[in-house]
Amino acid sequence: MAQLDLRRKLSILADAAKYDASCASSGTSKRNSVGGKGIGSTEGMGICHAYTPDGRCVSLLKILLTNFCIYDCAYCINRVSSNVPRARFSVDEVVELTLNFYKRNYIEGLFLSSGIIRSGDYTMEQLVEVARRLRVDHNFRGYIHLKLIPEADPLLVEQAGLYADRLSANIELPRDEALHRLAPQKDAAVIKKAMADVRLKVEAAKPQKKDRARPPKFAPAGQSTQLIVGADGAPDAEILARSSSLYGGYGLRRVYYSAFSPIPDASATLPLSKPPLMREHRLYQADWLMRFYGFSAPEIGAATVGGMLDLAIDPKLAWALGRREQFPVDVNTGPREMLLRVPGLGVKSVNRILQVRRWKMLRLEDVARLCRGIDKVRPFIVALDWTPGGLTDAIDLRTRLAPAAAPEQLSLF
Amino acid sequence: MRVAELDHPTDFDGWRRGARALRAAGVSPSQAVFRVAGEGAQGGLFDTAPSADFASVTAASEAGEGSPFTVPKAFVDLAQDVILHRSVDRFDLMYRLLWRLQDAPNLMRIVSDPDVADALDRAKNVSRASHKMKAFVRFRQVHDDRGEAWVAWFEPAHRVLERTAPFFQRRFTAMRWSILTPDGSAFWDTETLRFGPPATRDMAPAEDEIEEFWKTYYASTFNPARLKTRTMQGEMPRRYWKNLPEASLIPQLIAQSSQRTAEMVAAPAAVPNPRFAHAVAPDVAPAGQADDAVPDTLAEAASVIQGCRRCPLWRDATQAVAGQGPPEARLMIVGEQPGDQEDLAGRPFVGPAGNVLDQALAQAGIDRASVFLTNAVKHFKHEPQGKRRLHKTPNAGEVTACRWWLDHERRLVRPRVVLALGATAGSAVLGRKVTVTAERGQPIPLADGSIAVLTVHPAYLLRLPDEAARIAEQARFIEDLRRVAAMI
Numbered sequence: 000m001a002q003l004d005l006r007r008k009l010s011i012l013a014d015a016a017k018y019d020a021s022c023a024s025s026g027t028s029k030r031n032s033v034g035g036k037g038i039g040s041t042e043g044m045g046i047c048h049a050y051t052p053d054g055r056c057v058s059l060l061k062i063l064l065t066n067f068c069i070y071d072c073a074y075c076i077n078r079v080s081s082n083v084p085r086a087r088f089s090v091d092e093v094v095e096l097t098l099n100f101y102k103r104n105y106i107e108g109l110f111l112s113s114g115i116i117r118s119g120d121y122t123m124e125q126l127v128e129v130a131r132r133l134r135v136d137h138n139f140r141g142y143i144h145l146k147l148i149p150e151a152d153p154l155l156v157e158q159a160g161l162y163a164d165r166l167s168a169n170i171e172l173p174r175d176e177a178l179h180r181l182a183p184q185k186d187a188a189v190i191k192k193a194m195a196d197v198r199l200k201v202e203a204a205k206p207q208k209k210d211r212a213r214p215p216k217f218a219p220a221g222q223s224t225q226l227i228v229g230a231d232g233a234p235d236a237e238i239l240a241r242s243s244s245l246y247g248g249y250g251l252r253r254v255y256y257s258a259f260s261p262i263p264d265a266s267a268t269l270p271l272s273k274p275p276l277m278r279e280h281r282l283y284q285a286d287w288l289m290r291f292y293g294f295s296a297p298e299i300g301a302a303t304v305g306g307m308l309d310l311a312i313d314p315k316l317a318w319a320l321g322r323r324e325q326f327p328v329d330v331n332t333g334p335r336e337m338l339l340r341v342p343g344l345g346v347k348s349v350n351r352i353l354q355v356r357r358w359k360m361l362r363l364e365d366v367a368r369l370c371r372g373i374d375k376v377r378p379f380i381v382a383l384d385w386t387p388g389g390l391t392d393a394i395d396l397r398t399r400l401a402p403a404a405a406p407e408q409l410s411l412f
Numbered sequence: 000m001r002v003a004e005l006d007h008p009t010d011f012d013g014w015r016r017g018a019r020a021l022r023a024a025g026v027s028p029s030q031a032v033f034r035v036a037g038e039g040a041q042g043g044l045f046d047t048a049p050s051a052d053f054a055s056v057t058a059a060s061e062a063g064e065g066s067p068f069t070v071p072k073a074f075v076d077l078a079q080d081v082i083l084h085r086s087v088d089r090f091d092l093m094y095r096l097l098w099r100l101q102d103a104p105n106l107m108r109i110v111s112d113p114d115v116a117d118a119l120d121r122a123k124n125v126s127r128a129s130h131k132m133k134a135f136v137r138f139r140q141v142h143d144d145r146g147e148a149w150v151a152w153f154e155p156a157h158r159v160l161e162r163t164a165p166f167f168q169r170r171f172t173a174m175r176w177s178i179l180t181p182d183g184s185a186f187w188d189t190e191t192l193r194f195g196p197p198a199t200r201d202m203a204p205a206e207d208e209i210e211e212f213w214k215t216y217y218a219s220t221f222n223p224a225r226l227k228t229r230t231m232q233g234e235m236p237r238r239y240w241k242n243l244p245e246a247s248l249i250p251q252l253i254a255q256s257s258q259r260t261a262e263m264v265a266a267p268a269a270v271p272n273p274r275f276a277h278a279v280a281p282d283v284a285p286a287g288q289a290d291d292a293v294p295d296t297l298a299e300a301a302s303v304i305q306g307c308r309r310c311p312l313w314r315d316a317t318q319a320v321a322g323q324g325p326p327e328a329r330l331m332i333v334g335e336q337p338g339d340q341e342d343l344a345g346r347p348f349v350g351p352a353g354n355v356l357d358q359a360l361a362q363a364g365i366d367r368a369s370v371f372l373t374n375a376v377k378h379f380k381h382e383p384q385g386k387r388r389l390h391k392t393p394n395a396g397e398v399t400a401c402r403w404w405l406d407h408e409r410r411l412v413r414p415r416v417v418l419a420l421g422a423t424a425g426s427a428v429l430g431r432k433v434t435v436t437a438e439r440g441q442p443i444p445l446a447d448g449s450i451a452v453l454t455v456h457p458a459y460l461l462r463l464p465d466e467a468a469r470i471a472e473q474a475r476f477i478e479d480l481r482r483v484a485a486m487i
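The listed protein sequences correspond, in order, to chains A and B. Under numbering that gives the first Met the number 0, the first residue of the first sequence carries the number 0, and numbering increases by one thereafter. Under numbering that gives the first Met the number 0, the first residue of the second sequence carries the number 0, and numbering increases by one thereafter.
Hint data in this document are derived by calculation from the structure and do not stem from the laboratory. Since the structure is predicted, the reported quantities are computational estimates derived from the model, not experimental observations. The C-beta atom is built at its ideal place from N, Cα and C for all residues, glycine as well. Watch out, some of these pointers could steer you wrong.
What the hints assert, rightly or not - Among chain A residues calculated to face chain B with C-beta under 8 Å, some are:
#1 S25
#2 G35
#3 H48
#4 Y50
#5 Q184
#6 K191
#7 R198
#8 S244
As the list claims (entries may be wrong) - Coverage of chain A stretches by chain B, computed from C-beta distances (three or more under 8 Å per stretch; other residues unrestricted):
#9 8–15
#10 65–73
#11 87–101
This is chain B alone, in the form it adopts within the complex (with noise of 0.2 Å):
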């Protein structure tokens, strides 16, 4: 047996110290044995005092000599972690490990390891206390000739006093507190942390007068209907229930849940409050049944198409786009539908294909501000993938039932020109099925006098995955603008 001794039970530089020595002399986890000064049975089985052998193997080690070994900082940063656990045999496992390393220079990354696993469970544990900590200290309030400062009483797990209180740090800079522990107390004066000796609950206030408000939010934030007492259990285990003013009611909630639960149950329909008559907000509008209004003006077009139920697409949709642009427009164009940005803002072109026609616009010597943009579908039809909107193209259907709006818009912006973007804008425009390969660029008269023009959508570009072909592409788009724009 060869004994390394540990100054106080968190001491890991001891333990450092006294592992590698051990390590070095080639003992054998089952030969090496770590003792807190001060701590364990006296005159154990196995206990022999520190041998002269080991002190100058200790000497040698720390002076360089022997062998070097590394190990890999995941386990440093482990055993840093497990030496906080106050399990007895925390050191043990430690330097099993280390001993195992030497054959098994992966053996951290092998979680699955009964002793990888253990220690990881065990360092588990001791953030799991750190965090409870954070959770549950409750400060109470002192005055001293300072000027008032803030004490808590609290009984950690494991021992986390020193590794949690830079938190504590953090949050309440401004404020002079202290936490007493019975393993040590730590001491924040706004400026520097100090860590003290233990201390005992009787040294902490008993009370503080703000608790009461505590205890009264704390009642009245519990739901009767929904006891779930071991989820609490699980949560606020019943070791710090002691040292949590709110606990106390605890047992006096559960009691009386059931029944309060009961009574509401079985209250009979309240009879409305007269006294607020008055009061009551008018109802809004339901949505839906105006949509088959005829408008007289833009403006009354963009309202009522709100209440659009003609197709289902409303459904899923933040909001109906309806077209924007100056009522006396000679040029309009039509789009498909509105994408993910123009169902969020009300805008049509908006997004990443708005601003690719913005481009070509500019290019083509044509005002934004004097066309008049909408869409085929006035409802973003999309399927849901993970975080993201994923467009979907509207069916005949869903055009066919859109095809009121844009006849209304139509109707009352009476275009010179209408400019339809790819395949569903055009068969809206047209009333039949396109092919925009095949009559792209042709002057289509129309039934009222105007002109319809089929060109491609700007989507289209931005999905051309070939550089030369999209700057191809997008020189015939602008030239499809500009025989548009000599039309107007």
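Only chain A is shown next, with the shape it has when bound in the complex (with noise of 0.2 Å):
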């Protein structure tokens, strides 16, 4: 009956967690359990252990402490004001599930979140307990992500460091505005601090050479936030604006956004529709013009009609077709800022246009081999044997690009 029991708060308290976007476990120091008397690894990159059917990867075992909840945020399904049921692990079963899925290869680690229960310091305190055991009890050295708690005392925040791989406060909504309506306890202020606060004691616990002593890790890899799209009105270049400035002022990895999606027991306040899901992944593409290609938000903004990305096209084919003064670029001779941003053409196929041209000139065959597909890069680039003539500037090169219908999603089974 027990394990009944475990198994029901189990389902309530990852149903809870469900709607956070993120479940990264990469970029971490490495370590592994060579001469430890615990278990566990981290080789830098991550690994995803299954994937279920929307399509998100199963990382981490992803769980609230509790689903209690003393705030009433409208966006989120363990408000008070929420009929869900409520469940709540002790801080033993938290730690004895991690080491039990984590034994048999299901995880990489622990995400681990909760609801507001008595105060933000007591809540914050509970998450750090369950950390603690982990690594200090039991020694393990898989992967643990902590959600702070921003009005937590800051020795807790530098606690959590200590034992977490990653923090992450979510700053929820684009406008501060709307957090304010739609979240009333919640102070965006307040989340700014707490990152700015993390942003801080990683910076300190970066080695200077003149320090013998390594200072001890400080969540290693780093923090990251999420936005919920959808749910006030911000458009996707407001979003970005958001995001870039989240970049650059606390040193974040990641933004993650996550299309609000219908929740069960919802509130009257918000939208009760499918989730965005493209305008979400347009979002993650932008997001990764702005991280890997040099693209700056108002750049990407520019290209948005009314704010909105295009959903028919990806952001950096929508940037290219309104800059077609700039292209064709010539990959024998283009410089690499601007390969990167040819319609197509990746990172990574860019560093081998570059590699390659060292030792011969490309034909169109040689970057066809280089990247995923031709068909988007030829109007905009010049080869040996290639010169896209008109098509660059074709009236109708948006048709010809962009896919013939909306592609559906056919069912499986």
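Two chains, two separate frames, one set of hints: put the complex together.
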């Protein structure tokens, strides 16, 4: 009977945690269990142990310590006024579940969050205690991601950073005003200050040349945050501007975008429709352009219509179609920065082009072998045996490159 | 046809010996055959037994005779990966590349070459198979006379067992485990890693009690409103499903998803649960309502300024940075605006420019703790560039809007001297446009009876590229501070 209870709790507290988009387990310091008494390793690259039919991976045991919460955030299923069944794990139960799952190679570690019970400090203490028992009592060397309770005492944040690989505080909504409207117990300024505090602590823990002893590692996988898309009226350009400011301000590793999803027992203040998944996908693409391709948020914003990214084509293609005077780029002579802006060429393809062209002049078929698909690339490049002629400026280029009809998801079964 | 025989499907050393001999003997790729012992069709069209002259060539080559040749390390590394691929022509592909390296020593760098691209592609598949093995192996618990142990049955897409087993050794060093595959088995007894013969599925345990918990978790963490089955299948190919306990739930989860979503969307908004009404946390005060308040103390000023919405700079800043220092300070130093570090810490002059100021103050004999430090503009104005925030000088409108706070700080501290660092601070103190070069160092009487002095901003000293100029300017700055010290 006791076991049944634990399974029931697991189903409630995993269900309650599934709206948080982050499940990454990459980018932390390398370690393993060789010579230790416990188990676990991290080797830099994240490992996704399973995928659910929503296309998202299971890398970590992502659960709430409890879904009781004294806050009343309209977008959250665990808000105090919701009628969902409630449960609470004990600290030991979370520790045992994590170790049992990890030993069977189901997971890379734990992502623990919680509803706010009693106070921010009390809740944060409980989260930290789980991490402490795993790390200290069980010598666990896998991945731990702890959710920060922004209003908790900075001393608890300090401890959390010593045990956890990653810390995150969710900024939740792109507009501070909307946060106040939808989450009246949350304060955007407090969330920002918590992220600022983590950045300062991460930087303080970076060893300086003059340091003899390495300072203890603080959240080696850095911090991340999440923005809910589609719950307030913020357009994409505004969301990306907010992300850009968050990346610059707090050294975030990732900003996650979570299409607002209908939740059981939803609040009357929110739109109830299928989540805008394509919009979310385009935002991730645009975010990628900012982090790896040298695009700025205003540049991407300039290629939007009324601040919204084009749902039919990816943001890089949308940008290039609006800036055709910059194309075509010669793959044999063009600078790296411009090659990165060619639709259809990724960072890897560009690196390969740069490598190969030191040894031979590239033809179109060479380029085709170095990228995923040549169709999108062709109008924007010049190669040894190829010039796009008037194709770059063709009026119907967008129609030629956009998928003929919106692809429809077919059922597998 | 020349045949080189390999001991087993991943016999890299055998392939290397054979390939070396064949190439030394001038056997072209179309004439070379690699065959794994006990594999392949018997009596094939081109099949011939290893010939006597081939054996002698092998011997000569191994003795170091004949023309020696070298290949790039990249080729050897790639060959070791490609050989783990399940395709039958993998040895031939790598021999063809080896052959072509004679005439094209840089071939491995030309990744657009069809053969190189093909080999790289297979190596990528092998590395992906190894990665999937790290992800999809599922251990089940068993007990024997030595206690608990862990056994997994796994079918890798390519022959990556030996390559991947050390990963599990590093991860589960303190556990006794075995991984059984159709290609072979790996055993770890907490001290030594051993490999054994191929296994069958029935040699591994069929269940584990924790599996039900795992399936519960898997089903609960799936969001039915976000069905994306193609993405799932791209990352978790069906070939792995039969050995993943959780995969048995997939058809059911997909089948129910549209109905579950429709129910969520159609359900009327719920009536709030009254049971928890007593537990609700108090709302936080909406920011920006008190930014016209007239503060009576510095502490109050520091608090209400957090809600300041007098200009749009608050939006991208972390917090307002109010002035700090003793309320009875005789010297107030006004900077331009908080920088990156000040914005994070919420305190003025803690960044690089603050360090320069600290040193200069010390050299001028002024105790920093006795000074009230503040800025003309209290929110950090910046522009994101990549992962950094570039400082932007506040405009006249922002300076004017923020004078509200500076004037209150001056009213509450009543300093004898107000030292303005740079033109922005100068304009905020004097209420007019100023040129630092023209008015630097001169005492300027203010309406409230105090004295204003202008000098450069320490950030200016940081930006001087020329070492000699910087030392000279630093000395001038300290000189200004000494003059101010004499006035207070």
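Hint by hint, here is what the structure shows:
no. : hint   : verdict
1   : S25    : violated, 12 Å
2   : G35    : holds, 7 Å
3   : H48    : holds, 5 Å
4   : Y50    : holds, 4 Å
5   : Q184   : holds, 5 Å
6   : K191   : holds, 5 Å
7   : R198   : holds, 6 Å
8   : S244   : holds, 5 Å
9   : 8–15   : holds (count 5)
10  : 65–73  : holds (count 3)
11  : 87–101 : holds (count 3)
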